[in-house]
Amino acid sequence: MPKALPVGMLPEVLKEDDRPKWDNKFQYILSCIGFAVGLGNVWRFPYLCQIYGGGAFLIPYFIALIFEGIPLLHLELAIGQYLRRGSVGIWSTISPYLGGVGVASMAVSFIVGLYYNTILCWVLWYFFNSFQDPLPWSTCPLNENRTGLIEECCASTPVNYFWYRRTLNVTTDITESGTTQWWLVLCLAAAWAVVYLCTIRGIETTGKAIYVTAFFPYLVLTVFLIRGLTLPGAVDGLVYLFTPNLNILKNPRVWLDAATQIFFSLSLAFGGLIAFSSYNPPKNDCEKDAVTVAVVNSITSLYASIPIFSVLGFKATTSYWDCLDRNIISIINAFDLPEQSILRDNYTTWFESLNLEYPDKIASLKLKTCNLQEFLDQSASGTGLAFIVFTEAIILMPGSQVWAILFFVMLFSLGLSSMFGNIEGVFTPLMELNLIPKSVPKEAISGVICLISFALALCFTLRSGSYWLHVFDSYAGSLPLLIIAFFEVTAVAYVYGIKRFSDNIKWMTGRQPNLYWQVMWKIISPLLMLTVFLAFVSIQVQKQPTYSAWNPEYKDFPAKEEKLYPGWVVAICALLAALPSIFIPAVALYHLIKRVVGRQKSSMDSSL
Numbered sequence: 001m002p003k004a005l006p007v008g009m010l011p012e013v014l015k016e017d018d019r020p021k022w023d024n025k026f027q028y029i030l031s032c033i034g035f036a037v038g039l040g041n042v043w044r045f046p047y048l049c050q051i052y053g054g055g056a057f058l059i060p061y062f063i064a065l066i067f068e069g070i071p072l073l074h075l076e077l078a079i080g081q082y083l084r085r086g087s088v089g090i091w092s093t094i095s096p097y098l099g100g101v102g103v104a105s106m107a108v109s110f111i112v113g114l115y116y117n118t119i120l121c122w123v124l125w126y127f128f129n130s131f132q133d134p135l136p137w138s139t140c141p142l143n144e145n146r147t148g149l150i151e152e153c154c155a156s157t158p159v160n161y162f163w164y165r166r167t168l169n170v171t172t173d174i175t176e177s178g179t180t181q182w183w184l185v186l187c188l189a190a191a192w193a194v195v196y197l198c199t200i201r202g203i204e205t206t207g208k209a210i211y212v213t214a215f216f217p218y219l220v221l222t223v224f225l226i227r228g229l230t231l232p233g234a235v236d237g238l239v240y241l242f243t244p245n246l247n248i249l250k251n252p253r254v255w256l257d258a259a260t261q262i263f264f265s266l267s268l269a270f271g272g273l274i275a276f277s278s279y280n281p282p283k284n285d286c287e288k289d290a291v292t293v294a295v296v297n298s299i300t301s302l303y304a305s306i307p308i309f310s311v312l313g314f315k316a317t318t319s320y321w322d323c324l325d326r327n328i329i330s331i332i333n334a335f336d337l338p339e340q341s342i343l344r345d346n347y348t349t350w351f352e353s354l355n356l357e358y359p360d361k362i363a364s365l366k367l368k369t370c371n372l373q374e375f376l377d378q379s380a381s382g383t384g385l386a387f388i389v390f391t392e393a394i395i396l397m398p399g400s401q402v403w404a405i406l407f408f409v410m411l412f413s414l415g416l417s418s419m420f421g422n423i424e425g426v427f428t429p430l431m432e433l434n435l436i437p438k439s440v441p442k443e444a445i446s447g448v449i450c451l452i453s454f455a456l457a458l459c460f461t462l463r464s465g466s467y468w469l470h471v472f473d474s475y476a477g478s479l480p481l482l483i484i485a486f487f488e489v490t491a492v493a494y495v496y497g498i499k500r501f502s503d504n505i506k507w508m509t510g511r512q513p514n515l516y517w518q519v520m521w522k523i524i525s526p527l528l529m530l531t532v533f534l535a536f537v538s539i540q541v542q543k544q545p546t547y548s549a550w551n552p553e554y555k556d557f558p559a560k561e562e563k564l565y566p567g568w569v570v571a572i573c574a575l576l577a578a579l580p581s582i583f584i585p586a587v588a589l590y591h592l593i594k595r596v597v598g599r600q601k602s603s604m605d606s607s608l
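At position 351 of the sequence shown the residue is numbered 351 (the working numbering), and the sequence of numbers has no breaks.
Honestly, the hints are just simulated from the structure, not real lab data. We put the CB at the ideal spot given by N, CA and C, even for glycine. Just so you know, not all the hints are guaranteed correct.
What the hints assert, rightly or not - Between beta-carbon pairs, the in silico distance windows are:
(1) Asn143 - Glu561: 51 to 57 Å
(2) Pro244 - Asn346: 32 to 38 Å
(3) Asn143 - Trp321: 19 to 25 Å
As the list claims (entries may be wrong) - With a straight-line Cα cutoff of 20 Å, these simulated EDC-like cross-link-like pairs (lysine to aspartate or glutamate) come out:
(4) Lys25 - Asp173
(5) Lys560 - Glu204
(6) Lys368 - Asp322
(7) Lys563 - Asp322
(8) Lys543 - Glu561
(9) Lys560 - Glu287
(10) Lys366 - Asp336
(11) Lys560 - Glu152
(12) Lys288 - Asp503
(13) Lys499 - Asp322
(14) Lys560 - Asp377
(15) Lys543 - Asp503
(16) Lys25 - Glu374
Given only the sequences and the hints, what does the whole structure look like? Please build it.
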């Protein structure tokens with residue numbers, strides 16, 4: 001352990017005036033919020049609320065926020081601000097044996113950036129296609145002979161066909177790689193070019209871009225909120241979302257998902273937040289910053305849920321009406337009834353009456369079962385929500401092109417601001433490892449990071465790329481973060497020391513951390529993360545991993561088939577889950593061997 005520094009005294013190497021600084025406090029807060037608030041706030045949080053009892057999910061969510069999210073966020077911002085280094089420098093300063101924690105954070109940031117920016121590539125592709133009239137995912141295209149519509153599209157839906165065939169051109173199995181899709185390669189190049197231009201000189205450029213990327217999503221969400229609340233069925237969507245079902249809280253999976261959601265939603269353990277806070281002046285209220293970022297992030301999740309489910313309620317209501325209309329037309333034609341004799345309002349009465357009198361004839365019509373609840377139950381998250389469910393809802397809205405453009409620009413802005421933190425989580429610790437000469441300009445380093453990332457991410461533009469993206473998202477961006485965060489909080493609590501850390505915070509903020517913070521850091525947060533980790537591993541080992549494969553022969557939405565991963569893919573999943581974390585014991589072992597060899601050498605020298 002390094003020798004303790006007197007409170008308020010910083011190492012001379014950390015007092016250098018040439019370290020970049022934020023232009024102002026507001027820019028720093030916006031960058032932290034932009035990194036924390038991402039795509040998961042829009043397409044993951046509403047989904048969890050929907051499947052876990054609506055408003056009831058907020059109970060475990062806020063418990064996890066208080067006992068896990070905010071304490072770790074405060075810890076990262078405080079330690080980064082005081083020691084004024086990135087993730088590698090921070091943990092190496094506390095103890096050389098902990099240097100692997102920072103390297104692991106850098107590895108996770110790099111891996112997550114690979115597939116996260118691929119999602120932005122897909123968003124760009126939809127954005128470019130949103131200028132067509134009509135929208136290309138609104139109708140099935142003609143076949144090669146132009147004599148009819150493509151059968152594969154008719155067997156599914158136009159939205160499904162555009163996503164699985166026109167966008168991904170996906171294979172039916174992960175083992176069939178296929179070729180790269182040129183349109184995705186171009187969009188991927190454009191996405192990385194935008195990231196490079198915004199991060200070309202670290203926070204000197206991201207600090208300027210964040211004013212646009214952080215504010216614009218809130219503007220679009222507000223526009224969608226106003227429009228969504230005026231759509232028919234919006235109330236049904238909101239009632240479905242927030243109606244609490246407290247019985248669901250008996251399911252332990254609810255608590256596990258709430259804990260992981262708040263953890264990943266705040267972008268903890270990536271190293272980006274530590275890097276951002278390291279550019280602050282030492283005298284800054286990091287406690288207030290942590291609470292502000294966490295509260296804004298959670299409010300954003302709730303705020304985004306309202307327009308999302310207003311629109312999805314509209315889609316469900318429209319689908320319900322269409323179902324009724326088709327049944328009504330079938331009944332009118334079968335019984336030779338006058339038009340408009342049966343309306344939506346009196347459909348149930350007519351159906352029950354005719355079914356009692358002519359049951360065989362009604363049965364022969366094979367009418368659809370129209371249930372609003374079933375249409376609302378067609379839940380989806382992630383890419384399914386963004387590129388299938390929501391795009392289908394947009395088609396039904398007047399002025400669909402405008403809404404599509406706004407929606408995908410909002411998604412791109414959300415993802416781009418999160419990418420700033422991922423790149424910073426790689427750039428800053430990479431510089432601290434002293435692997436690159438200081439004479440190399442920042443522009444060149446940023447360019448090399450983006451170029452290498454683009455080259456590696458080309459695997460996601462293969463026809464099987466979406467399957468591999470799911471693999472990376474499920475394993476590289478989940479378990480390693482829990483392990484890193486556990487080592488972070490235990491390193492500060494038991495290696496650096498809670499008293500010493502509290503004294504540092506008092507010097508920075510002017511007040512001693514209260515009992516809540518100290519209990520969280522020392523006991524509650526580590527135990528909670530350890531519990532989540534063990535529960536996560538337990539769930540994973542109990543079942544063989546599966547994935548949803550596109551099957552054009554299926555006629556029911558969403559035209560997907562559950563398949564088991566082959567053994568070699570399971571091995572890759574395990575490797576991705578373990579790879580970043582391996583750096584933690586590897587670096588510790590390296591320093592231990594170095595220390596033992598050094599002692600032996602000193603002993604031999606003294607004996608001569």
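Right, here's what the structure says about each hint:
no.: 1; hint: Asn143 - Glu561: 51 to 57 Å; result: 24 Å, violated
no.: 2; hint: Pro244 - Asn346: 32 to 38 Å; result: 33 Å, holds
no.: 3; hint: Asn143 - Trp321: 19 to 25 Å; result: 30 Å, violated
no.: 4; hint: Lys25 - Asp173; result: 49 Å, violated
no.: 5; hint: Lys560 - Glu204; result: 45 Å, violated
no.: 6; hint: Lys368 - Asp322; result: 11 Å, holds
no.: 7; hint: Lys563 - Asp322; result: 32 Å, violated
no.: 8; hint: Lys543 - Glu561; result: 17 Å, holds
no.: 9; hint: Lys560 - Glu287; result: 46 Å, violated
no.: 10; hint: Lys366 - Asp336; result: 17 Å, holds
no.: 11; hint: Lys560 - Glu152; result: 13 Å, holds
no.: 12; hint: Lys288 - Asp503; result: 17 Å, holds
no.: 13; hint: Lys499 - Asp322; result: 65 Å, violated
no.: 14; hint: Lys560 - Asp377; result: 17 Å, holds
no.: 15; hint: Lys543 - Asp503; result: 47 Å, violated
no.: 16; hint: Lys25 - Glu374; result: 48 Å, violated
In summary, the structure is inconsistent with hints 1, 3, 4, 5, 7, 9, 13, 15 and 16 from the numbered list given earlier, while agreeing with the others.
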